[in-house]
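> Spelled out, the chains give:
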Amino acid sequence: MTPSRSATLARAATLRARFEDAGGQVVETPVLQPAGTLLDLYGEDIRARAYVTSDALRGEQMLRPDFTVPVVQMHMEHGADPARYTYAGEVFRRQEQDPDRANEYIQVGYELFDRSGSAAADAEVFALIAETLKGLPLHAATGDIGILMAAVQGLNTSDARKSALMRHLWHPRRFRALLERFSGRASPPPSRQALLAQDDPLHGHAPLIGKRRLSDVEARIDVLRADAMAPPITTQELTALEALLKVRETLPHALERLRDVAVDLPQISPALDRLAARIKALSARGIDTDALDFEASYGRTSMEYYDGFVFGFYAQARPDLPPIATGGRYDALTRRLGKGAEIPAVGGVLRPDLMLLLEEGRS
Amino acid sequence: MTLKLGIPSKGRLMDKTFQWFSGRGITLKRSGSDREYAGAVDGIDGVSLVLLSAGEIPRELAAGRIHLGVTGTDLIHEKLPLWQQQVQQVAALGFGQADLILAVPQFWVDVDTLDDLDAAAAAFRARHGHRLRIATKYHRLVRDFLRHAGVADYALVDSQGATEGTVLNETAEMVADITSTGETLRANHLKLLSDGLILQSQATLWRSRVAEYSKAEAIALDQMLARITG
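Here the protein sequences come in this chain order: A and B.
Numbering follows the working numbering, in which position 292 of the first sequence is assigned residue number 292; successive positions increment by one, without gaps.
Numbering follows the working numbering, in which position 163 of the second sequence is assigned residue number 163; successive positions increment by one, without gaps.
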């Protein structure tokens with residue numbers, strides 16, 4: 001049975017008080033958020049996930065799909081760091097595919113802004129959430145987007161190809177297709193080959209209409225010509241990248257595997273040192289890292305703003321439920337929202353309603 | 001009560017639907033004057049005609065206020081995210097064929113595939129400071145299609161008519177629209193993306209899965225189905 005709203009709110013208050021004890025300063029954010037910022041961050045996809053409304057004065061507004069963005073904005077405007085924040089309140093998610101998923105639910109969160117960007121901060125947030133969920137039949141998954149980012153940025157290929165891969169880190173299908181092409185495993189589409197075979201593909205072109213100008217088309221043709229000349233990504237690098245993406249083990253073993261991969265992708269070594277430091281910091285907080293799972297691909301499909309450590313807690317016996325808690329490091333988000341400023345940040349949120357649901361099922 | 005059959009209330013779609021049913025011995029007609037939205041059914045018992053805008057028929061089927069209805073596949077898929085659970089396709093009527101497609105200016109010789117579009121959109125955003133705009137009225141279908149294909153850096157802008165003109169007017173850089181012959185596209189100097197076919201649509205007779213059927217209505221439905229499929 002779905003827990004009542006009052007029971008959920010009571011639990012949310014307890015959880016927030018607990019995060020307050022851990023040092024979190026309580027913050028409130030408006031329910032209505034300016035749509036521009038969120039659209040800029042997430043693109044058109046956010047419209048499928050968030051409710052959009054509007055008025056003639058303020059234009060498009062969104063019903064808060066999460067707290068992270070407004071909390072980051074608030075901190076960057078007038079917060080002093082290090083800072084810890086906690087909050088509890090409704091978030092709204094448009095549901096078009098699954099009528100059983102809630103379109104409005106309570107989230108309780110804890111965010112830590114800390115300039116050292118240390119493994120200790122990662123461990124503090126993870127351990128706090130894990131401790132809060134103690135006793136529930138959950139399985140924790142962890143990952144680290146930073147390792148994959150480092151691998152891509154260090155590839156021995158053109159900057160254009162690297163930035164294309166970086167753009168699609170969160171779209172595994174397109175990432176895969178790009179890799180196939182850049183490594184020469186897949187040939188370019190026939191239309192591309194035909195275009196590049198012409199000396200002057202724009203000769204006798206159709207009327208110039210629209211805001212994408214002739215110079216835009218010419219510039220892209222130049223990019224395509226340069227790309228056709230670029231040597232393929234080597235089999236060695238490609239195989240290593242594939243091995244990296246497949247790593248799925250308990251933490252210490254995963255680190256060993258990744259150290260093997262780093263023989264061919266030395267660019268990931270600093271990120272692996274950070275992973276090693278995180279394992280140590282988690283152990284120091286009492287987390288059994290020998291039993292904690294790590295997946296190199298974890299967080300690639302739905303956690304677009306995370307760019308380092310990522311984690312989620314899932315109900316083992318209820319695969320139909322969304323994660324009970326999720327979180328991670330989002331330094332890049334603070335850079336995007338900070339207008340030049342940035343501050344390393346890590347946080348996590350949990351769902352009191354789902355916690356109650358699982359407790360009820362157990363008793 | 002009678003079995004309610006929803007039909008588009010005007011234009012070629014209505015005329016063709018009337019023809020299709022009359023070919024199966026069922027005569028549908030508007031009663032009274034041309035301006036009156038009431039209708040009559042001959043040749044089968046227990047069926048009444050409801051004249052509606054084609055765009056409202058998906059909603060009426062999903063609400064169970066009509067038992068059967070004729071409308072395009074495009075409108076069913078756009079307006080009913082869970083259409084498989086809400087309606088059942090009874091018969092494709094063989095007219096009203098149209099494809100929902102992505103089209104770009106012909107002089108974009110560098111853009112032929114979704115892969116090209118994605119790269120062009122990224123470069124466009126970096127240079128012009130906003131996302132590449134796609135004019136359409138099929139927001140959900142287009143967004144789902146592009147998300148599945150992994151295309152980013154675009155924005156949908158709403159266009160309820162004369163969509164092909166938005167590029168010339170610089171309110172959008174490209175369009176996602178319904179076309180049957182492609183003539184309007186060509187006349188507006190647009191071309192199709194080779195892998196940009198989002199949906200093939202045609203006029204279709206649907207049955208509501210959620211409507212309630214009394215005994216008499218269930219009998220009328222069986223007779224109707226026998227007549228149509230037999």
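Worth flagging that the hints you see were computed from the coordinates, not collected in a lab.
Hints may contain errors.
Here are the simulated lysine to aspartate or glutamate pairs, EDC-like style, with alpha carbons at most 20 Å apart [stated by the list, open to error]:
#1 K79/B - D45/A
#2 K137/B - E218/A
#3 K29/B - D42/B
#4 K191/B - E218/A
#5 K191/B - E44/A
#6 K79/B - E218/A
Computed Cβ-Cβ distance ranges for the label pairs, DEER-style [claimed, not checked]:
#7 Q88/B - A197/A: 47 to 53 Å
#8 E359/A - A91/B: 47 to 53 Å
#9 N156/A - F95/B: 55 to 61 Å
#10 P201/A - A91/B: 20 to 26 Å
#11 T181/B - R335/A: 46 to 52 Å
#12 L197/B - S118/A: 34 to 40 Å
#13 A91/B - D260/A: 47 to 53 Å
#14 Q88/B - P82/A: 39 to 45 Å
Ideal placement from N, C-alpha and C gives every residue a C-beta, glycine not left out.
> Each of the hints needs a verdict: does it hold here or not?
Hint-by-hint comparison with the structure:
no.	hint	result
1	K79/B - D45/A	holds, 18 Å
2	K137/B - E218/A	violated, 31 Å
3	K29/B - D42/B	holds, 8 Å
4	K191/B - E218/A	holds, 18 Å
5	K191/B - E44/A	violated, 23 Å
6	K79/B - E218/A	violated, 39 Å
7	Q88/B - A197/A: 47 to 53 Å	holds, 50 Å
8	E359/A - A91/B: 47 to 53 Å	holds, 51 Å
9	N156/A - F95/B: 55 to 61 Å	holds, 57 Å
10	P201/A - A91/B: 20 to 26 Å	violated, 46 Å
11	T181/B - R335/A: 46 to 52 Å	holds, 49 Å
12	L197/B - S118/A: 34 to 40 Å	violated, 51 Å
13	A91/B - D260/A: 47 to 53 Å	violated, 60 Å
14	Q88/B - P82/A: 39 to 45 Å	violated, 59 Å
Of the hints listed earlier, those the structure fails to meet are numbers 2, 5, 6, 10, 12, 13 and 14, in rising order.
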